[in-house]
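There are 2 protein chains.
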Amino acid sequence: MTTTPTAANNTAVPIDPIAIVRVSPQSALAEASAVTAKAPHVERYGLFEIALAGTADGNPYVDVDLSADFTSTATGETVTVGGFYRGNGDYAIRFMPLEEGEWRYVTHSAADPSLNAICGTLIADPAGENNHGRVLRATDVHRAAAEPETDPAGSELKFQFSYEDGTRYMPFGTTCYAWTSQSQAVQDQTVETLAAAPFNKIRMCVFPKFYDFNNADPDVFAYEGSMENGFDHTRFNEELFANLDRRIGQLCALGIEADIILLHPYDKPEWGFSKMSREADIMYLTYMARRYGAYRNVWWSLANEYDLMPQKSLEDWRTYARVVMANDAFGHLRSIHNCVTVYDYNEPWCTHCSIQRVDVTRTTECIADWRREYGKPVVCDEPGYEGNIYWGWGSLPATELMRRYWEGLMRCGTVTHGESFIDKGDQIWWAHGGTLHGETPARIAFMRGIFETAPRAASPLDADTAPEDVWSVNPVDVSQPLNGAMEKAMKFWDVPVLRAGTDWQLVYFGWYQQLYREFDLPAGGEYTVDVIDTWNMTIDRLPGTYTGTVRADLGGRQYMAVRIQRA
Amino acid sequence: MTTTPTAANNTAVPIDPIAIVRVSPQSALAEASAVTAKAPHVERYGLFEIALAGTADGNPYVDVDLSADFTSTATGETVTVGGFYRGNGDYAIRFMPLEEGEWRYVTHSAADPSLNAICGTLIADPAGENNHGRVLRATDVHRAAAEPETDPAGSELKFQFSYEDGTRYMPFGTTCYAWTSQSQAVQDQTVETLAAAPFNKIRMCVFPKFYDFNNADPDVFAYEGSMENGFDHTRFNEELFANLDRRIGQLCALGIEADIILLHPYDKPEWGFSKMSREADIMYLTYMARRYGAYRNVWWSLANEYDLMPQKSLEDWRTYARVVMANDAFGHLRSIHNCVTVYDYNEPWCTHCSIQRVDVTRTTECIADWRREYGKPVVCDEPGYEGNIYWGWGSLPATELMRRYWEGLMRCGTVTHGESFIDKGDQIWWAHGGTLHGETPARIAFMRGIFETAPRAASPLDADTAPEDVWSVNPVDVSQPLNGAMEKAMKFWDVPVLRAGTDWQLVYFGWYQQLYREFDLPAGGEYTVDVIDTWNMTIDRLPGTYTGTVRADLGGRQYMAVRIQRA
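Protein sequences, first through last, are from chains F and P.
Here the first sequence is numbered in the numbering used here, starting from 1 and rising by one per residue.
Here the second sequence is numbered in the numbering used here, starting from 1 and rising by one per residue.
Keep in mind that a hint or two might mislead.
Pairs involving identical chains hold if they fit within one copy or between any two copies, as the list cannot separate such chains.
Distance condition first, Cα-Cα at most 25 Å in a straight line; then the derived BS3-like pairs of lysine-lysine [claimed, not checked]: (1) K488 to K268; (2) K268 to K491; (3) K376 to K158; (4) K312 to K424; (5) K275 to K312; (6) K158 to K424; (7) K312 to K488; (8) K268 to K312; (9) K312 to K491.
Hints listed in this document are in silico derivations from the structure and should not be mistaken for laboratory results.
Please model the entire structure based on the sequences and the hints provided.
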């Protein structure tokens with residue numbers, strides 16, 4: 001097993017990409033490994049690559065078909081994976097073993113006999129530490145638990161993600177749209193920053209971005225050609241994709257999901273990548289899915305702000321989703337992101353929602369509505385960013401962005417970070433990467449600790465579905481003649497409450513600066529009470545345990561929360 | 001003309017109620033004044049009272065009918081006003097002359113001959129300074145201007161109020177639900193506080209309030225009887241109403257509209273005023289409308305949180321509105337206030353909306369929706385209060401309440417103040433009155449200066465109705481291929497904009513902490529630019545005048561606004 005960085009490692013960045021176990025079965029060395037005893041070993045969910053030499057005549061990107069069937073000796077299951085061309089007569093097929101044990105493969109190419117019928121074997125070893133496989137919808141990982149009759153928590157699972165080994169995954173993503181279009185030095189700095197940041201997902205484009213503060217042409221384009229003479233949309237530029245290999249591999253090593261934005265509208269006329277023909281789009285999407293589908297940390301975002309690309313129809317997007325699904329042998333998560341018009345995430349190809357809030361005031365609170373509407377995991381990928389740019393999407397103080405984080409997570413959706421300070425140097429994190437300047441990352445790290453240790457069955461209290469005897473988060477007797485529904489709603493109308501049965505409860509007070517608050521505790525139970533200052537990042541446990549009713553002093557401060565757990 | 005305080009003026013409070021010009025035509029003195037030369041004089045929109053002595057037998061509250069016809073000598077118009085009993089054989093009829101000049105009156109009573117056919121005259125002089133008459137819907141005051149074909153500003157008028165002399169009235173109200181149920185000393189203190197505060201309206205109940213921090217029984221009840229032995233809902237207690245006379249008169253002297261909440265749910269079983277019979281309610285409402293209708297500063301709020309009174313049906317409220325309208329000869333403004341279920345303000349008896357925000361996040365921003373839905377002036381009477389009580393309705397920091405004020409007024413609705421600190425002494429302003437402790441009043445005074453000098457024709461920019469060539473509040477070229485509608489929306493999607501043609505514009509940045517912002521100016525125009533810090537209450541005019549495009553530095557601070565006016 002060797003580590004093969006695919007771009008020059010010319011800086012001090014300590015982050016190596018995940019290993020690619022690369023075999024060249026046409027060479028003598030590789031032939032030796034074709035017997036099981038000498039078969040190459042790769043981690044389960046690791047990246048195995050068959051590197052092949054074939055024709056360089058004509059346009060192999062278009063002319064040469066290539067695939068391989070991988071069959072598990074243990075289960076008999078066969079996975080067919082499409083190959084791709086990388087220029088100079090070099091071809092590759094990438095595979096991620098989803099099961100441990102021996103896999104045998106055989107290649108197929110009708111166009112080039114030298115690429116056809118090459119056989120080999122690999123051994124998938126147990127996954128290493130911090131390798132939990134792909135992120136999937138939790139219902140696809142925990143099938144039994146997703147049945148409400150077997151597990152009452154099942155109703156919440158459909159809004160969650162899991163690594164395929166069952167480990168919980170909650171997206172705490174960030175946004176660096178064009179970071180791989182920056183200089184190598186800036187890209188390295190971005191990786192360094194990410195290594196110390198609390199993020200486990202990143203939204204990133206393949207094509208460069210043209211927009212305010214994003215006027216520079218990239219050094220490397222995805223296609224052969226030039227801005228002056230135009231680009232040949234049938235010939236990819238290996239340099240860009242080799243860099244993308246390395247950067248996605250580094251993200252994988254850091255445990256960061258690469259939410260790859262395949263198309264986007266922020267384009268320059270001389271680039272033109274947002275306005276390619278349908279055929280060119282399909283060729284590009286095919287290439288991306290085949291080349292990157294075997295990275296376990298890849299997600300597909302068909303587009304950023306699809307609705308700013310009127311040149312693509314809704315049927316185009318559905319077709320493009322089918323193209324990705326047909327060429328990604330590993331079924332990664334798929335979504336699409338809006339500007340103004342929220343996409344219909346009920347479409348079956350969408351595994352989850354990737355929503356930009358539309359209302360500038362009621363932002364992540366809408367997660368409650370989106371869950372109801374789509375019944376899928378909800379990621380609010382643009383709730384506004386911390387920064388001071390002259391746009392409403394990027395000029396929030398950290399207090400307000402953190403409030404939106406909390407409001408979103410209290411409703412069992414997730415929220416994505418971005419930063420857009422325009423007075424902190426040349427790089428703006430939201431587009432270029434580089435370094436972080438804001439006050440949110442530390443607080444996101446703090447909140448991860450709280451939510452990642454919450455019971456998975458915790459669900460948001462909802463007036464429609466809460467039981468009649470729901471325990472109140474403000475048991476003050478108002479002595480009003482209320483009907484039952486209103487009486488129930490009065491118990492928690494003013495705050496989001498996350499609750500797992502009678503064992504665990506989290507209440508968030510957001511803007512409010514309450515002096516204190518009283519809480520009902522379920523009859524007979526004994527509880528600990530934590531007063532959480534989400535802004536100052538402190539958790540103060542009240543002394544002892546409590547039964548009946550408990551009063552928590554909140555100090556008249558904003559952004560407080562209270563966690564109550566069975567002792 | 002004499003000032004006749006109707007309750008003992010036993011403190012140092014310097015606020016005298018407005019004068020009541022009281023005549024007793026049954027006495028020799030009054031008979032002398034029955035000839036025009038000696039007729040009493042009263043200001044136009046002032047308060048004229050005929051005090052009569054009649055039978056005290058039986059239950060005059062129920063048994064004795066009394067009214068008077070007032071006829072303007074100049075116009076021939078006759079206004080019929082119902083009288084009321086005040087105990088001890090004393091009766092009164094109150095009248096507000098809506099026109100200057102001579103008015104003649106004659107009383108009617110079928111039940112008591114001594115109250116019947118009493119004639120007299122009064123002279124209505126021009127209104128004094130600071131007397132602008134009733135507040136009405138602007139369309140009822142500026143009838144011609146309300147026709148869109150004669151005045152393009154007419155479309156905004158239907159959302160506005162005016163004093164009947166044409167002076168603009170924008171409600172900047174506050175809330176002291178039970179202030180007239182407190183001790184005289186606290187009531188006096190409340191009046192003193194109001195005299196120095198920026199409020200021109202107050203929401204106040206007649207009946208006492210029973211709720212958290214409101215457990216004390218009042219000294220005086222509205223009815224004869226007692227908590228022990230029950231109250232007689234057919235006999236009013238003059239002491240309470242005499243105090244109300246005085247307090248409403250003081251408010252009038254201060255230029256404060258009394259938004260009188262006639263019924264409310266926060267009741268104690270031993271009081272029972274929220275659960276009186278329909279007949280008792282109607283008797284009470286009749287009495288209120290007759291006794292207080294001639295005060296020019298009265299508004300009627302049928303109920304606070306009507307939906308917490310399931311004992312009253314919607315048809316009850318409609319009936320109660322008709323009772324008030326039949327007995328208030330002066331057509332004061334009428335509304336009703338919700339807790340959870342917003343009332344249907346399309347009902348014709350509602351002159352305006354008096355809404356409690358329902359969504360705890362998107363509060364005064366909803367004014368845009370309510371304007372569309374009801375087409376009437378919108379007062380958001382409970383957007384949350386400044387304070388630190390343990391309820392979401394009353395624990396906002398001043399920054400957030402002021403943001404809600406600005407978001408509401410930018411949408412051409414109005415917003416009402418309240419304060420609920422529970423650690424600043426015995427009185428909590430929201431219920432008891434007393435003194436103010438918060439940081440909002442000074443900032444409300446500041447914002448009044450800005451909005452009361454705005455052009456009346458200023459209207460909120462709306463993507464649906466804005467012209468295609470609307471001038472942008474962020475003219476940065478995003479180089480995207482957008483359709484026309486989206487391109488228009490992009491010019492002001494992130495901020496509320498209030499604009500009067502090409503002459504005047506106000507933009508509010510709320511939460512945002514933008515470093516600067518650029519603005520298009522209409523072609524050919526020359527403009528001044530003011531940078532407004534709504535929190536720190538400063539207005540900085542940029543030097544000189546501007547054409548084309550102007551950049552305003554906002555300092556990376558929150559709660560900023562920019563005002564652009566034709567030079």
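For each hint, the structure was consulted:
no.	hint	verdict
1	K488 to K268	between (55 Å within a copy, 21 Å between copies)
2	K268 to K491	between (54 Å within a copy, 21 Å between copies)
3	K376 to K158	within (6 Å within a copy, 44 Å between copies)
4	K312 to K424	neither (36 Å within a copy, 61 Å between copies)
5	K275 to K312	within (9 Å within a copy, 63 Å between copies)
6	K158 to K424	neither (41 Å within a copy, 48 Å between copies)
7	K312 to K488	between (47 Å within a copy, 21 Å between copies)
8	K268 to K312	within (17 Å within a copy, 64 Å between copies)
9	K312 to K491	between (48 Å within a copy, 23 Å between copies)
Figure legend: structure checked against the earlier numbered hints; hints not met, in rising order: 4, 6.
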